[in-house]
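These protein sequences, in sequence, are chains L and U.
Throughout the first sequence, residue numbering follows my numbering, covering 1 to 240 in sequence.
Throughout the second sequence, residue numbering follows my numbering, covering 1 to 240 in sequence.
Just so you know, these hints were derived from the structure itself, not from any lab.
Among the hints, a few may not be true.
[To be verified] Straight line, CA to CA, 25 Å or less: simulated BS3-like cross-link-like pairs of lysine-lysine: (1) K235/L <-> K45/U; (2) K235/L <-> K228/U; (3) K221/U <-> K195/L; (4) K235/U <-> K235/L; (5) K195/L <-> K221/L; (6) K239/L <-> K195/L; (7) K70/U <-> K231/L; (8) K235/U <-> K187/U; (9) K51/L <-> K85/L; (10) K210/U <-> K210/L; (11) K195/L <-> K137/L; (12) K195/U <-> K210/L; (13) K202/L <-> K70/U; (14) K187/U <-> K239/L; (15) K228/L <-> K187/U; (16) K187/U <-> K210/L; (17) K210/U <-> K231/L; (18) K221/U <-> K239/L; (19) K202/L <-> K228/L; (20) K202/U <-> K231/U; (21) K70/L <-> K93/L; (22) K235/L <-> K195/U; (23) K239/U <-> K202/U; (24) K187/U <-> K239/U.
[What the hints assert, rightly or not] Covered by chain L, according to a simulated footprint, are these stretches of chain U (three or more residues, beta-carbon under 8 Å): (25) 27-41; (26) 100-106; (27) 133-145; (28) 148-157; (29) 213-221; (30) 226-239.
Every residue gets a Cβ at the ideal spot worked out from N, C-alpha and C, and that includes glycine.
Protein chains: 2
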Amino acid sequence: MSGRSLDQPHRRIRITLVEPEGKINFAFILRLAKNFGIEDICVVKPRFSIKDPEVLRFATRGIDLIEKGKVVVRETLNDCLENSKVVVCTTSKERGSRDVLRVAVSPVFLSLILPRTGTITLIFGRESTGLTREELKVCDIVSVIETGTSYNVLNLSHAVAIYLYELTARRCETGVFGNECSNETYKAMLREAWKISSALGKDEAYLVLKRILARASLRGKECGVLYKLFKSIAKLLVKD
Amino acid sequence: MSGRSLDQPHRRIRITLVEPEGKINFAFILRLAKNFGIEDICVVKPRFSIKDPEVLRFATRGIDLIEKGKVVVRETLNDCLENSKVVVCTTSKERGSRDVLRVAVSPVFLSLILPRTGTITLIFGRESTGLTREELKVCDIVSVIETGTSYNVLNLSHAVAIYLYELTARRCETGVFGNECSNETYKAMLREAWKISSALGKDEAYLVLKRILARASLRGKECGVLYKLFKSIAKLLVKD
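One chain only, chain L, in its complex shape (with noise of 0.2 Å):
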């Protein structure tokens, strides 16, 4: 995992839904809170009762949230804020809107801006109509999810997939991708690709090979499987 660590510190995430109808987007909003990691879910006056049949089948893995009382339902939206160090609606009104309250961020604008640490509240409202402007007032950023298309409105979890991903699991992205071939592997590698290249009168090709190695991300395995393919051809080449 390049050093990485799964249990890292970071900014923990706060999944509120307002008045959420549909049971099957809350079993998959639990499945993603437990894909992703998240294990605070705030639910404000759902329309069905959480531990419905429905919702246990469609959660898989998500269920342990429950289970283990990560997922609370309350009277109010401000019962969701405590603690809160920063709050934000989510929306899929325009940022284009001459609207004041609904000025709003890109998904990765908010992953630059937001602290990487303390509780970050993500507020999603209703399927059918969304936060109310008294809901909007209490947030501190609204961000909003441009598709590129006119029909924005995408649908409550796939909406919920998108903000986790953007705010969590590229918070490991950093090094993940970098060569992974032993030195003695790549420069290895390297001389039998200037063995071919020389012995074809291709001086420009090992640039291009060189470059093109560098910037390919080599797994361990693959690594080895070229230097033994530069190496035959090498052989077979030079041994004249």
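Guided by the hints, dock chain U onto chain L, whose structure is given.
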């Protein structure tokens, strides 16, 4: 909108689903396709009718895609690969695997290396068992969503949401590093690579070459150099 136009030419994504099992997932994928402006969906042997009432209920405006003939049902995965510039397989199997077939990159990395034009076929496997080894072999690139937990098996339509978000909506922030080779040169290069690998009895080496070429963000000039290098080597190896 940071100066970007919704109408600018961009990579076309073909969503390809191999034997999808769940109607609700399929419906959500249609809605996501509509959200993100995808108009090319190929479905290999679905386990339900694509016009099932449950599909129509959850797809909302995604129904347009069925009505307009943008969703095709095919008998084999191969039938879905026509005119692809790059074929990407998705998997939830860990990157750490020693199996060269499953060496995978993140969605972010993918968004950086995919060419800006041409058809990208993005393949998703069965909900239950994913893609087979034979299916993984047709891919140029394998990608995995790392969720930062040990449970990174996302529900199908949520994985689709994250890929579409990463590969289309954000396309305007990226796209600088796409493969610049012409289709002809690229294919010719792969043919020569195949000749070399099979002349040496190294089938796995071909797979690795194909994969690293797809990942290396080749520039136009580099394509020509590599093609000629491979051709020279192949000529020497195969002439007997």
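Apply the coverage criterion to the stretch 100-106 of chain U and chain L: a residue qualifies when its Cβ sits closer than 8 Å to a Cβ of the chain, and three qualifying residues are needed.
-> holds (count 4)
K228/L and K187/U: Cα distance at most 25 Å?
-> holds, 24 Å
Quickly compare the C-alpha distance for K202/L and K70/U to 25 Å and report which way the hint goes.
-> violated, 47 Å
Chain L over the stretch 27-41 of chain U, status - at least 3 residues with CB closer than 8 Å | That given contact holds, which follows from 7 residues of the stretch 27-41 of chain U lying within Cβ reach (below 8 Å) of chain L.
Holds or violated: K195/U to K210/L, with C-alpha atoms at most 25 Å apart | Status holds; Cα separation ~22 Å.
Hint consistency between K202/L and K228/L [alpha-carbon to alpha-carbon, up to 25 Å] | holds, 21 Å
Please work out if K187/U and K239/L have their alpha carbons no farther apart than 25 Å.
-> violated, 30 Å
Mind taking a look at whether chain L covers the stretch 226-239 of chain U? Criterion is 3 or more residues with CB to CB distance under 8 Å.
-> Coverage by chain L holds here, the residue count being 7 at a Cβ distance below 8 Å.
If you draw a straight line from the CA of K51/L to the CA of K85/L, is it 25 Å or shorter?
-> violated, 30 Å
Taking only the CA atoms, is the gap from K202/U to K231/U under or equal to 25 Å?
-> OK: K202/U and K231/U at ~17 Å, within 25 Å.
Outcome, coverage of the stretch 213-221 of chain U by chain L - at least 3 residues whose beta-carbon is closer than 8 Å to one in that chain | holds (count 5)
Going straight from one Cα to the other, do K235/U and K235/L come out at no more than 25 Å?
-> holds, 15 Å
In this structure, the earlier hints numbered 1, 7, 9, 11, 13, 14, 18, 21 and 27 are contradicted, and the remaining ones agree with it.
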